[in-house]
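Line by line, the protein sequences are chains W, R, Y and U. Counting in our numbering, the first sequence runs from 1 upward without gaps. Counting in our numbering, the second sequence runs from 1 upward without gaps. Counting in our numbering, the third sequence runs from 1 upward without gaps. Counting in our numbering, the fourth sequence runs from 1 upward without gaps.
Misleading hints may appear alongside valid ones.
Stated by the list, open to error - Derived CB-CB ranges, DEER-like:
hint	chain 1	residue 1	chain 2	residue 2	range
1	R	Thr107	W	Lys449	51 to 59 angstroms
2	Y	Asp229	R	Lys409	34 to 42 angstroms
3	R	Lys409	W	Asn13	38 to 46 angstroms
4	U	Asp3	R	His318	39 to 47 angstroms
5	U	Lys174	W	Lys449	32 to 40 angstroms
6	R	Asn428	Y	Glu61	27 to 35 angstroms
7	Y	Glu220	R	Lys55	27 to 35 angstroms
8	W	Glu451	U	Thr125	21 to 29 angstroms
9	W	Lys209	U	Ala122	56 to 64 angstroms
10	W	Leu234	R	Arg133	46 to 54 angstroms
11	U	Ile119	W	Lys55	51 to 59 angstroms
12	R	His50	U	Ala122	41 to 49 angstroms
What the hints assert, rightly or not - Simulated crosslink set (BS3-like; lysine-lysine; CA at most 27 angstroms straight-line):
hint	chain 1	residue 1	chain 2	residue 2
13	U	Lys6	R	Lys350
14	U	Lys36	U	Lys67
15	R	Lys412	Y	Lys6
16	R	Lys412	W	Lys21
17	W	Lys350	Y	Lys5
18	W	Lys350	R	Lys21
19	W	Lys208	W	Lys23
20	W	Lys424	U	Lys6
21	R	Lys424	Y	Lys22
22	R	Lys55	U	Lys253
23	U	Lys5	W	Lys350
In case anyone wonders, no lab produced these hints; they're calculated from the structure. For glycine and all other residues, C-beta sits at the position ideal for the given N, C-alpha and C.
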Amino acid sequence: MAINRYTKMAYANADEMYFGKSKFPVKAGLGLEIGAGYAIPELNYAPRPHTGVSKEALVTEYEKITRDAMNRIVQIGAPAVVLETEHVQQMSNNPTWGAAVAHAQKTIMEEFHEEYGVKCALRHTIGDIREDRDFLALRGEKNDTMLEAFDLCAKQGADLLSIESMGGKEVFDYSIVRDDTAGVLFGIGVLGTSDIDFVWQNIADIAKKNKVVAAGDTDCAQANTAMFIAGGLLDKNLAHTTAIVARCISAARTLAAYEAGATGPGKDCGYEHTIIKAIAGIPISQEGKGSTCAHSDVMGNLTMQCCDLWSNESVEYHGEFGGTTVQCWVESLAYDCSLMNTALKTGNQKILRDLLALSDKYRDPQGYVLHYENAYKVGEAIAANGKDTYLRSKAAAEECCKILESGIKEGKLVLTRFEQNALKNIENDLKAMPDSREKFIEQCMDKYKAEVSVFKPENYVL
Amino acid sequence: MAINRYTKMAYANADEMYFGKSKFPVKAGLGLEIGAGYAIPELNYAPRPHTGVSKEALVTEYEKITRDAMNRIVQIGAPAVVLETEHVQQMSNNPTWGAAVAHAQKTIMEEFHEEYGVKCALRHTIGDIREDRDFLALRGEKNDTMLEAFDLCAKQGADLLSIESMGGKEVFDYSIVRDDTAGVLFGIGVLGTSDIDFVWQNIADIAKKNKVVAAGDTDCAQANTAMFIAGGLLDKNLAHTTAIVARCISAARTLAAYEAGATGPGKDCGYEHTIIKAIAGIPISQEGKGSTCAHSDVMGNLTMQCCDLWSNESVEYHGEFGGTTVQCWVESLAYDCSLMNTALKTGNQKILRDLLALSDKYRDPQGYVLHYENAYKVGEAIAANGKDTYLRSKAAAEECCKILESGIKEGKLVLTRFEQNALKNIENDLKAMPDSREKFIEQCMDKYKAEVSVFKPENYVL
Amino acid sequence: MLDFKKEDLDTILIRYNVLMEKTMTPDEAAEQLYPKDPLLKAVAEAIYEGEEDDVIDALDELLDAGKDPIKLIDEALLPGMAVVSALYDQGIIFLPNVMMSADAMLEGIEYCKTKTTEIPKAKGTVVCHVAEGDVHDIGKNIVAALLRADGFEVVDLGRDVPVDEVVEAVATHKPAILTGTALMTTTMYAFKEVNDKLVEKGLNVPFACGGGAVNQEFVETYSLGVYGDQAADAVSIANFVLKNGSNMDTLRKEFDVY
Amino acid sequence: MLDFKKEDLDTILIRYNVLMEKTMTPDEAAEQLYPKDPLLKAVAEAIYEGEEDDVIDALDELLDAGKDPIKLIDEALLPGMAVVSALYDQGIIFLPNVMMSADAMLEGIEYCKTKTTEIPKAKGTVVCHVAEGDVHDIGKNIVAALLRADGFEVVDLGRDVPVDEVVEAVATHKPAILTGTALMTTTMYAFKEVNDKLVEKGLNVPFACGGGAVNQEFVETYSLGVYGDQAADAVSIANFVLKNGSNMDTLRKEFDVY
Ligand code: B12
Ligand code: B12
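Turn these sequences into a full structure, and let the hints steer you where they fit.
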C-alpha cells in the first residue's frame with residue numbers, strides 16, 4: 001500500500017472527541033463495530049510460563065483463557081468483548097503455533113456468538129521477532145517469518161492484526177538514559193517512523209488479502225520504556241517531563257501505521273493514541289486503571305477519555321478468589337465500559353470524559369499533556385508538519401514543552417525543580433536542532449554510528 | 001451501650017445521597033475523616049496460605065502487604081487510604097496474634113503518615129469464631145476470646161473495628177436452598193438482629209474504652225451467601241429475586257449494629273449498606289467492579305453510587321506483572337476514588353452517581369432494588385417499622401417485592417419466568433405471615449427446632 | 001431521574017438469562033418426562049411439586065395395589081426424582097426445587113421403610129465432607145442433597161472435618177467415592193493429606209473435590225483426586241464410578257473440565 | 001472547560017515528589033561533597049557536570065603537577081564519581097546525570113591509561129547479563145552503568161544470554177558477583193539453571209538477581225541467589241561481598257527487602 005501522510009485533523013476541535021466513538025469506526029469479527037458509539041472491553045492475558053513448552057500446551061492454555069473470559073462476559077450480561085492475544089515468542093517464531101492458537105480461540109468465540117449473540121473479535125499481536133541477540137534485524141529472514149505469522153493468524157481466525165514494532169529502539173535506549181533529546185527524537189521520530197512505514201505497508205496488504213483488519217501499532221518499545229523508567233512520583237530514574245516529550249514524539253511515529261494502511265483500533269499501550277485519534281479519527285484501545293495488573297502509571301482515569309476499547313494490557317492466567325485472572329479483569333473492564341456506554345446513551349459522555357481527564361490532569365506532566373485538550377494541540381503541531389517525519393516529531397516535542405510551560409505558568413501544574421530543569425534542557429536541545437531533515441539525519445548518523453555500537457543503519461531506509 | 005432503634009430517615013430524600021459524603025462523618029486513624037466529602041480507597045488482602053503457620057510469619061506477611069500498599073499510594077499521588085485486615089482464624093483465636101499484626105501494620109502506616117502526610121486508617125475485622133464444629137456457640141467462652149481480640153487489636157493500633165457476625169445463619173442456610181421465605185426472614189431478620197444487638201453493644205463499649213471506632217457489620221453470612229448461590233445470570237441455583245429479598249431483609253438486620261453504638265463506616269461486602277446509609281446517615285464502604293478479584297456480582301458500578309470507602313473485598317497477596325496484588329488493586333481503587341472526588345469538587349457528583357447507578361439498574365433484580373432511589377424506599381419501609389425487628393424485616397421484604405413489581409410493569413426490568421415465579425411465591429409467603437412478632441417467633445421456633453438439627457435457641461435472646 | 005429508553009439497553013447490558021430461557025415451562029417439560037403409569041406418575045408429580053403429603057398418598061395407592069414397599073423405592077420414588085434431576089441438569093428448574101423434591105422423596109423412602117422389615121439397598125454410598133478448618137458448607141450441602149436425590153446413601157461428615165476422621169469414615173463405609181469441599185486457599189491442602197493417608201491405608205477410593213478455592217490443576221496433584229466444577233458433577237462422578245470402576249485415568253479423562 | 005481550584009486539588013491528588021523535594025539544590029548538595037583540594041575538586045566538578053572535556057583538562061592539570069596517572073583513577077576520578085553516586089542514592093539527582101557522569105569518568109580513566117604502561121587494577125569484576133530468552137535490557141544497562149561508576153570492571157554479556165555462556169564467563173572472569181536481570185515470568189527460571197551449573201562447577205559466586213519479574217522469594221530458592229530491588233543495590237551487594245566475603249547467609253540477611 002502507498003503511504004498517505006496526514007496533514008489535517010480528523011476532528012475540528014478537541015471537544016468533539018470522546019470515548020466509544022471515532023470518526024472512522026471499524027467493523028471486525030463477529031458482529032462488532034469499534035468506535036461506533038459504544039465502548040468495548042479488550043482483555044489481554046499471558047499464558048503461564050510452563051505452558052510454553054509445546055504447541056499443544058499453549059493451545060490448551062489459550063482455550064481455557066478464552067472459555068473463562070467468554071463465560072464471565074455472559075454471566076454479567078456484557079454485550080461485547082475483544083480478546084487480544086499478544087504472541088509469546090514461540091508463537092511468532094513458529095507461525096503455525098500462533099495460527100493454531102488463533103483457530104482454537106476463534107472456535108470458542110464463535111460458539112458463544114452463536115449461542116448467546118455476544119459480539120466479539122480476536123486481536124492477535126504478533127511479536128516483533130526481527131532481531132538477533134545483539135542487533136535489530138528489521139529486514140530479511142526474520143521479517144519474512146513475522147509476516148508469515150501475520151498471514152497464518154489472519155487465515156485462522158484473528159480479526160485484528162497488530163504489532164509493537166521496535167524500529168529505532170537501539171538508539172533510543174542509549175539516549176533516553178542520557179537525557180539526549182536528539183537521540184530520542186532520532187530513534188522514535190525518524191528511525192521508528194521509517195520502520196513503521198516498512199512494516200505496516202506489508203501488514204496492511206496481508207490484512208486486505210485476508211479480509212481482516214490492520215489494526216495498529218504502539219510505541220511500547222520506546223515511549224513506554226521512557227514512561228517505565230520514569231516510573232512513579234518518587235522514582236529517580238528519569239524526569240517525567242522527559243518521558244512526556246518522548247511520548248509526544250511517538251505520536252508522530254505511531255501515526256505512520258495509519259498512513260500505511262492501518263485503520264485502527266490502535267493498540268492499548270499506545271498512550272500516544274489520543275493525539276493520533278485527533279489527527280486520524282481512528283478508533284483506539286487504551287489502558288489505565290484497569291491495567292494495574294500489568295503496570296502502574298500516573299493517569300489511570302485520563303486514558304479512558306477517548307478510548308474505544310478499554311484494556312487491561314496483560315495479566316498472567318491464574319486463579320484468584322473471584323475466578324481466574326482473566327475473568328476478574330474482564331469483568332472490571334466491562335463495568336467501566338458499561339459506565340461509558342450509559343453516559344453515551346444518555347448524552348452525558350462529555351461530562352464523564354471531562355471528569356475522567358480532570359482527575360489526572362495535574363497529577364503528573366504526562367497526564368497534563370495527554371489531557372485531550374492538550375493532546376489535540378500536539379496533534380495540530382504534527383499535522384501542520386505532516387509531510388516531514390522529522391519536522392513533525394520536532395513540532396510535537398516543541399508543542400509538548402509549550403503546553404507544559406503554560407501549565408506551570410497557570411499555577412496548577414506544579415513540577416519539581418528536577419522536572420523543570422529537564423524541561424529547560426530539552427527546550428534548549430530542540431532549539432539547537434537543524435530545520436532540515438537531511439541535516440538532522442546526517443548529524444545523528446555520525447553521532448550514533450560512533451556512540452551506539454549496536455546501531456546498524458542498514459535496518460532503515462531514510 | 002443501649003440500643004436506639006431508628007424510626008426516621010437520615011436523608012430527607014434519595015437524591016441527597018451520594019458517594020464520598022455522609023450525614024455523620026467519622027474521624028479515624030491518622031488524619032482521616034470518612035464520609036466528609038471525599039471517597040477513600042479501602043484495600044483488603046489475604047496472606048498467602050503458608051504464612052499462617054506462626055505469628056512471626058503472619059506479621060512479616062502483613063508488613064510486606066502494608067509497605068507495598070503504602071508505597072504504591074505514594075507513587076501515584078493518592079491522598080488517603082484505609083487498610084482492612086480481615087483476620088484469619090488464628091488471629092482471632094489467639095488475640096495476641098491479631099494484635100501483633102495490628103501493631104506491625106500501624107507502625108508502618110505511621111511512618112508513611114509522618115514522611116509523606118498520607119492520611120490513613122487501619123480496620124481490623126475480627127473473625128466471628130463463635131462456633132463449635134457443628135453448632136453456633138454465640139455466647140460463652142468463644143465470645144470472650146473474640147471480645148479480647150477486639151480489645152487487644154484496638155489497643156495495638158486498629159482504628160476501625162468490624163466483624164461479619166453470623167447469628168441466624170444455621171436457620172438461613174437451611175431455608176435459602178428451599179425457597180423458605182419464613183426461614184430466611186427468621187434467620188436474618190429475627191435471629192440475626194438479636195445476635196447483632198448482643199455483639200455490637202460489646203464492641204461499641206470496647207471501641208469507646210480504647211477511643212477507636214466501632215465501624216460496623218455486614219450480613220455476609222446470609223445475604224451474601226444468597227447472592228453467591230444466585231451467582232451470575234446463567235446460574236441455576238437460586239432466583240435472583242429471592243436473593244434481593246434476602247438482601248433487603250438484611251438491611252433491617254445490619255442496621256442494628258448502628259443502633260447498638262456502631263458509627264460506621266459499615267463494611268464493604270454489605271450490599272445492604274445503601275439502604276442503611278439512607279436511614280442512619282453513617283458512612284459506608286462498598287465493593288463492586290474493583291473487587292472482581294474476590295467475587296463476581298451483577299452490579300459492579302451501582303455499588304459505587306453512595307460509597308464513602310471503595311473496596312476490593314479481598315485479594316491474596318502475590319505477584320503480578322504490575323507489582324504485588326495489593327499494589328495493583330489499591331491503585332485501581334484509588335483512581336476510582338479520584339474520579340469520584342473530582343466529581344465532588346466540581347459539583348458533578350449527582351450526575352456521576354446517576355450514571356453509575358443507571359448502568360446496572362436493569363442488569364438484574366438485585367441492582368434494580370439497590371439503585372439508590374429504590375434502596376431509599378426500602379429504608380423508609382424499615383424506618384416506619386423501626387421498633388419491631390420482625391415487622392421491619394417483613395416490611396423490607398414487602399417493599400422489595402413492590403419495587404420489583406413496579407419495575408416489571410414499567411417494562412425495563414425484564415425478568416425470567418423463573419425469577420417471576422419465585423417472586424410470586426415470596427409475595428404469597430409474606431402475605432401468609434402473622435402480624436405479630438411473638439406469633440412469628442413461636443411458629444418459627446417450632447418449625448426450625450424440628451427441622452434444623454443444628455439450631456440451638458439458647459444462642460439467642462428473643 | 002436519569003434513565004434511558006428500553007431500546008438503548010442492549011449496548012449497556014444483555015440479560016442473556018432472559019434470552020436463553022427455554023420456551024417450555026418447567027411444568028410442560030416435566031409432563032413429558034413423567035412415567036406413563038398413572039399411579040407412578042402421581043408419585044413423580046408429587047415429588048416434582050415437593051409435596052411430601054402427596055407423595056405418601058400416592059405411595060399408599062401403590063401399596064394398596066399390592067406393590068412391594070422396597071421395590072417402590074427403585075420403581076416409583078427414584079424415577080420420580082430422576083425427572084427433577086433431569087430438569088435441573090437441563091437448566092429448566094433451579095436448585096430449591098431439587099432440594100424440596102429430594103426432601104419429599106426421602107420422606108417417601110422413610111415411609112416405605114416403615115412398611116417392611118427388609119432393608120433397602122442404596123445404589124451406593126458416598127462420604128461427603130468440608131475440609132478441615134473450613135466452615136463453608138453450602139456447596140457441600142448441595143452436593144449431598146443431589147447425591148441423595150439420585151439414590152445414593154450419603155454419609156455427611158459435616159464441615160471442618162479433621163483429616164483422620166475422613167479417612168476413618170472411608171475405612172468404615174467403603175464408599176463408591178469420597179467428596180471434599182473447600183472454599184479457602186488455606187484449607188484445600190487438607191485434601192492432599194487425606195489423599196496420602198487413604199493411599200497409605202490402601203483405600204483407593206476416588207476423591208471428588210470441588211468448591212470455590214479448588215481447581216482441576218490442584219486436584220490432579222494428588223493421586224485419587226478428580227475435580228468437579230458444579231455440584232451435579234459429584235453425582236455424575238459417583239455414577240461413573242459405579243459403572244466403570246475407579247480407574248483414575250479414565251475417570252479424570254471423563255471429567256476433564258477443558 | 002471543566003476545572004477546579006488549586007486549593008481543591010489535595011483531596012484528588014498529592015504530588016508527593018514536589019512535597020518531598022530536598023530544599024537543597026543538587027549543585028549545593030554537590031558542593032558540600034567535593035574534595036577540598038582545588039585540583040581534585042575540578043575533576044569531581046567536571047564529572048558531576050558530565051563534561052568529558054573538562055575532566056581531561058582537570059586531569060591534565062594534575063598530571064602536570066606530577067601526579068601518577070594510575071593513582072589519579074583512585075584518588076581523583078572515583079572520588080569524583082562517588083559524589084554523584086551519593087547524590088543519586090540520596091535522591092537528589094536522577095539516573096541520566098549518573099550515566100553522563102559515568103561516561104565522563106570512564107573517559108577520564110581511558111585518558112589516564114594512555115599516560116602510562118601500567119595496567120590499573122579495578123576494585124573488582126562483575127559479570128552482568130539478561131536472562132536467556134529475555135531482551136529487556138534497560139535495567140541491566142543501568143546496573144552495569146552504576147557498577148562501572150563505582151569503579152567495578154564490568155563484563156557485560158548483553159541480553160538473551162544462554163545459560164552456558166553465563167557460566168563460562170564466570171569461570172573465565174572470576175567476578176566478585178554475577179548479576180542477572182529478568183523482566184518476564186517465562187525467563188527468570190534460567191537463573192535457577194545458571195545457579196545449578198555454577199554450583200556443579202564449584203563456582204560459588206554470589207548471584208545478584210533483579211528485574212521486573214523477579215522477587216526475593218524466587219531468588220532465594222536457589223543457593224547463590226540474592227535479590228536486589230533497585231539497580232543501585234547491585235553496587236551495594238558487590239561492595240558488601242568485597243568487604244565481607246561471599247557467605248550467603250550474611251549476604252541475604254543484609255539485603256533482605258523486608
Ligand atoms: C519497555 C518494555 C519492553 C521493551 C524493552 C526495551 C528494552 N531494551 O529493554 C520492548 C518493547 C522491546 C519489550 C518487548 C517485549 N515485552 Co516488554 N515490557 C516493557 C515494559 C513496558 C517496561 C520494562 C522496563 O524497561 N522497565 C524499566 C526498567 C528500568 O526496569 P527493570 O528492568 O525492572 O530494572 C529496574 C530494577 O528491576 C532493577 N534491576 C534490574 N535488574 C537488576 C539486577 C540486579 C542484580 C539488581 C540488584 C537490580 C536490578 O534496576 C532497575 C531500576 O531500578 C514492561 C512492563 C513492566 N510492567 O515491567 C514490559 C514487559 C516486561 N514486557 C512484556 C512482554 C510480554 C514483552 C514481549 C513478549 C511483547 C511482545 N508480545 O512482543 C516482548 C519480549 C521479547 C522478549 N523475548 O524479551 C511483559 C512480560 C510479561 C511476562 N510474561 O512476564 C511486560 C511485563 C508487559 C506486560 N505487562 O505484559 N518490552
Ligand atoms: C458465604 C460465605 C461465607 C459464609 C459461609 C456460610 C456457609 N454456611 O457456608 C460465612 C459468612 C460463614 C463465611 C465465613 C468466612 N469466610 Co467466607 N465466603 C462466603 C462467600 C461469599 C460465598 C461462598 C459460597 O457459599 N458460595 C456458594 C456455594 C454454593 O459455592 P461452592 O461452595 O463453591 O459450591 C459450588 C461448587 O464449587 C460445587 N462444589 C462444592 N463442593 C463440591 C464438591 C464436589 C465433589 C463437586 C463435584 C462440586 C462441589 O457445587 C456448588 C454449586 O455448584 C465466599 C466468596 C467466594 N468468592 O467464594 C467467601 C470466602 C470463601 N470466604 C472467605 C473468608 C476469608 C471467610 C472468613 C475467614 C471470613 C472472616 N474473616 O471471618 C470466614 C471463614 C471461617 C472459616 N474458618 O471457614 C474468603 C476465602 C479467602 C481464602 N483465603 O481463600 C472468600 C473467598 C471471600 C473473599 N473473597 O475473601 N464465608
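Consistency of the hints with the structure:
R:Thr107 and W:Lys449 have their C-beta atoms about 55 angstroms apart, which keeps the hinted 51 to 59 angstroms range intact. Restraint check, Y:Asp229 to R:Lys409: a C-beta distance of roughly 38 angstroms satisfies the suggested window 34 to 42 angstroms. Between R:Lys409 and W:Asn13 the C-beta distance comes to about 45 angstroms, which sits within the given range of 38 to 46 angstroms. In this structure the hint that U:Asp3 and R:His318 lie 39 to 47 angstroms apart at CB holds, the actual value being about 40 angstroms.
With their beta carbons about 35 angstroms apart, U:Lys174 and W:Lys449 fall inside the hinted range of 32 to 40 angstroms. Checking the proposed 27 to 35 angstroms range against R:Asn428 and Y:Glu61 shows it holds: the Cβ atoms sit about 29 angstroms from each other. Taking the beta carbon of each, Y:Glu220 and R:Lys55 are about 34 angstroms apart, inside 27 to 35 angstroms as hinted. For the hinted restraint 21 to 29 angstroms between W:Glu451 and U:Thr125, the CB-CB distance of approximately 24 angstroms keeps it satisfied.
As the Cβ distance of W:Lys209 to U:Ala122 is approximately 57 angstroms, the hint placing it in 56 to 64 angstroms holds. The given range of 46 to 54 angstroms is respected by W:Leu234 and R:Arg133, whose C-beta atoms sit roughly 50 angstroms from each other. Range check, U:Ile119 to W:Lys55: Cβ separation about 53 angstroms, and the 51 to 59 angstroms hint holds. Distance hint for R:His50 and U:Ala122: a CB-CB separation of about 43 angstroms, consistent with the stated range 41 to 49 angstroms.
As the CA atoms of U:Lys6 and R:Lys350 are separated by approximately 22 angstroms, the hinted pair is consistent with the 27 angstroms bound. A C-alpha spacing of about 17 angstroms is found between U:Lys36 and U:Lys67, which places the hinted pair at or below 27 angstroms, so the restraint holds. For the proposed pair R:Lys412 and Y:Lys6, the alpha carbon gap of about 6 angstroms is at most 27 angstroms, so the pair holds. For a cut-off of 27 angstroms, the pair hint linking R:Lys412 to W:Lys21 stands: about 26 angstroms separates their Cα positions.
The straight-line distance between the Cα atoms of W:Lys350 and Y:Lys5 is roughly 20 angstroms, inside the 27 angstroms bound, and the hint therefore holds. The hinted pair formed by W:Lys350 and R:Lys21 meets the criterion: a straight-line CA distance of about 24 angstroms does not exceed 27 angstroms. As the CA atoms of W:Lys208 and W:Lys23 are separated by approximately 21 angstroms, the hinted pair is consistent with the 27 angstroms bound. Simply put, W:Lys424 and U:Lys6 have alpha-carbon atoms about 24 angstroms apart, close enough for the 27 angstroms limit, and the pair holds.
For the proposed pair R:Lys424 and Y:Lys22, the alpha carbon gap of about 20 angstroms is at most 27 angstroms, so the pair holds. The straight-line distance between the Cα atoms of R:Lys55 and U:Lys253 is roughly 20 angstroms, inside the 27 angstroms bound, and the hint therefore holds. For the proposed pair U:Lys5 and W:Lys350, the alpha carbon gap of about 20 angstroms is at most 27 angstroms, so the pair holds.
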